[in-house]
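Peer 1: Whenever a hint applies, use it, and build me the whole structure from the sequences.
Protein chains in written order, with the working numbering: chain A, 1 to 167; chain B, 1001 to 1167; chain C, 2001 to 2167; chain D, 3001 to 3167; chain E, 4001 to 4167; chain F, 5001 to 5167.
Derived from the structure by calculation, the hints contain no laboratory data.
Nothing here was measured: the structure is a model prediction, and the numbers come from that model.
Straight-line Cα separation of at most 30 Å, DSSO-like style, residue types lysine-lysine; simulated pairs:
(1) C/2134 to B/1046
(2) B/1134 to E/4125
(3) F/5046 to A/156
(4) E/4134 to A/112
(5) D/3112 to E/4112
(6) B/1161 to C/2112
(7) A/46 to F/5046
(8) D/3161 to D/3125
(9) B/1046 to D/3161
(10) F/5134 to E/4112
(11) D/3057 to B/1112
(12) C/2046 to D/3134
6 protein chains.
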Amino acid sequence: MVGTKMRTAIYPGSFDPVTNGHLDLIHRAARLFDRVIVAVACNESKEPLFSMEERQKMLKEATASLSNVETDTFTGLLVDYVDRRNGDAIIRGLRAVSDFEFEFQLALMNRKLNSRVETIFMMPKETYVFLSSKIVKEIARLGGNIECFVPANVRKELLEKFAKSSR
Amino acid sequence: MVGTKMRTAIYPGSFDPVTNGHLDLIHRAARLFDRVIVAVACNESKEPLFSMEERQKMLKEATASLSNVETDTFTGLLVDYVDRRNGDAIIRGLRAVSDFEFEFQLALMNRKLNSRVETIFMMPKETYVFLSSKIVKEIARLGGNIECFVPANVRKELLEKFAKSSR
Amino acid sequence: MVGTKMRTAIYPGSFDPVTNGHLDLIHRAARLFDRVIVAVACNESKEPLFSMEERQKMLKEATASLSNVETDTFTGLLVDYVDRRNGDAIIRGLRAVSDFEFEFQLALMNRKLNSRVETIFMMPKETYVFLSSKIVKEIARLGGNIECFVPANVRKELLEKFAKSSR
Amino acid sequence: MVGTKMRTAIYPGSFDPVTNGHLDLIHRAARLFDRVIVAVACNESKEPLFSMEERQKMLKEATASLSNVETDTFTGLLVDYVDRRNGDAIIRGLRAVSDFEFEFQLALMNRKLNSRVETIFMMPKETYVFLSSKIVKEIARLGGNIECFVPANVRKELLEKFAKSSR
Amino acid sequence: MVGTKMRTAIYPGSFDPVTNGHLDLIHRAARLFDRVIVAVACNESKEPLFSMEERQKMLKEATASLSNVETDTFTGLLVDYVDRRNGDAIIRGLRAVSDFEFEFQLALMNRKLNSRVETIFMMPKETYVFLSSKIVKEIARLGGNIECFVPANVRKELLEKFAKSSR
Amino acid sequence: MVGTKMRTAIYPGSFDPVTNGHLDLIHRAARLFDRVIVAVACNESKEPLFSMEERQKMLKEATASLSNVETDTFTGLLVDYVDRRNGDAIIRGLRAVSDFEFEFQLALMNRKLNSRVETIFMMPKETYVFLSSKIVKEIARLGGNIECFVPANVRKELLEKFAKSSR
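Peer 2: Structure follows, in structure tokens:
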């Protein structure tokens, strides 16, 4: 049965790089919304390891099998981007209490900036609660095995990146 | 434009009684899903002030204006009820860190019991972050003004309940 | 030098019974405000060990040396009591994160009920962060030594209470 | 190689009933200490579902394969019990932030009561972070499947208990 | 009626720049204390957007209507500054659990360094719980509307600062 | 009586520099394990104040009286280091809720990387809950008295370091 209205969810993030935790959330969101846009934020201040283009490319490859998921990049305010793409909801993952507080403040602020924009929170699989792009990069940098934390294409890129930097 | 699939969200709770914070969340959910079922849980162990029927009746009156919202009651496991009603997601409100922990554990447990059931978390308006059925009952019991915390029909029922009990 | 205005702080609580942590906070408050009223709340629902009268009596004895501290009891809404006593601030102790959340919600609610009433939070001495009336009663009940947790008069009352109940 | 000193860890709890999360922790502790005593606390105030004897019996069966683990029951103060059994450390499981705060206060209090007694915290397997005796009993009561949450002997006892109570 | 003693509260912070959340707290403190000194900390390590002089100037303009509030700047240890200014209490705002933990540790440390110095915590209006100087600067940098987050004079300075930096 | 098996605990950290809080934990661990290795992590990204060699030297001096404690330095993944040294457990100190979340994620990740490695958490004395290397450096830099926060040898090094840098 078709729904009463076409609904779009936007999942913004740094994705530097995308992890299996992010992908788990994307799969869950793709079941709840007609369309999911995974949007790579610019985030210059965080000095990302990968460029926006590299980050989007890895995401695109990793979500190729999901027909109602597309990837994008954006600069400027998230709420303005959500407006331009006719997003009905922002999706954010919650892993821990510290996440929650930060995300709560961000969501309240975004609502203040644009009351039409709703944020919903989803939980990754419990095996991914400890997972973050930051910790994956740290382990890769120290030569640890990251096979169960990121998809194969991302692993390849990380190994290349750190091989270069240690040369 | 119609959506690719009809989606149903289930918002379970004690609603003893429904507050303006609950209603705010129901309005938000009604914009994101084709159908929202607000489901009053039995919860005998909590010794509710109002019976399941009273709680559902107050909810029904307070959500009468929302065409894609219906009310119901259930006993037994929540995941079984969600299955019976073909729910795509359970909706839970998050107000504070303590909520979050409890809700997180509950959602993980529900996923364990039925992996098809997804839980999503939404935030009420910031003016309602301090609001709970428990605190409203306490204020009503002590004779405080609860006009901005509950809809008019609920206020009437609360005043009657406490008038009776103090007679 | 005298201050521009006489200011009164109200420190409400169950005080069932008063502990050294409460007393530490009372001493701190007595240095910051012209007058401090320690107000024993009725709290029937908590089934207190000591009656309101017993709780106030123990508090009175334990604060006898502080000339600008008085004790009282109250029923009904705290904000109404603060109004009647011309209180400028409610004082609450914070020991831990869980305290904080609950206190935060309570303070926001009280502000909603009476915008004139301000809540301020103070910290007990670090040696008392683990201390609560509940844990002291538990230890006393099990025959543990409570000498460093409560003043001598309270210890005497607790020993009598549990001696009676175990007879 | 033998250690410099024989060391005993005591793992106290209600164990009403023991869950797979508890058992996971017991296995971990049994690798770190020469002897582990799992001690069932009386906890009358919590109105346990199973008697102390039933709880110890289930624990005994579930830990039968671990040669350096024994079970016991105790009443009175935990620190006194630890002293009597020559315990070197109390072991407590941490699953969530809310656990942590409570456990932290308890451990500080126990140190105050007996400075010789050390508390160490361990983490169960991540699949058990959501698990508690309380939630298992709730699911069993509502007829849910508890196979992956408790050992077989405990499941049998729970089913019998609830079969009786619903008759 | 005059108070028994003149009391001074010191509200230290980076104020880079002052927000409506800070101003709300200053108004509340000005009602509870005879004198409030808002003290801009040097904080070189944080690489502030505005100089100490700019920050104090904006604060001075924004608090001009409050007769018992003055502004100042300080370097070195806060507790030494409080001593020099005869402060009776340090005031800190609490917005969230993460704030609380950090502030708690800071307050305990300051008490250790100077036992005479008391810290009290106050809550801003609930509409400001999400507000921070950092988030305001981020929104201003991305061209968002900051009208409801900072006073007019601060908004003007922020727009000029970011206009310059983007030229 | 000797233990059934020789057990080694590894206490990793930046120790930049070691504080009395760290030393308190080391004393506690030395009573529970046959051997404790305090291991200074490289942590280039944190831009330490002291070199790895300086940090180890200060630790060595401060733990000289403990016969079953040795010091070391390591680079690379912690779990690999623990393997090389035949460690039975990683020890981490918990002071606050924010610590807990971070440590919890780290411990789960380490378990994922090497399931043989167990992490246990211990609590420093309550007087040290507010203490961190970071806050000690900040106070030393601002000329505050750090006598009760670090051992004498560390205090000397800190004073020299900041004397040099302010020259």
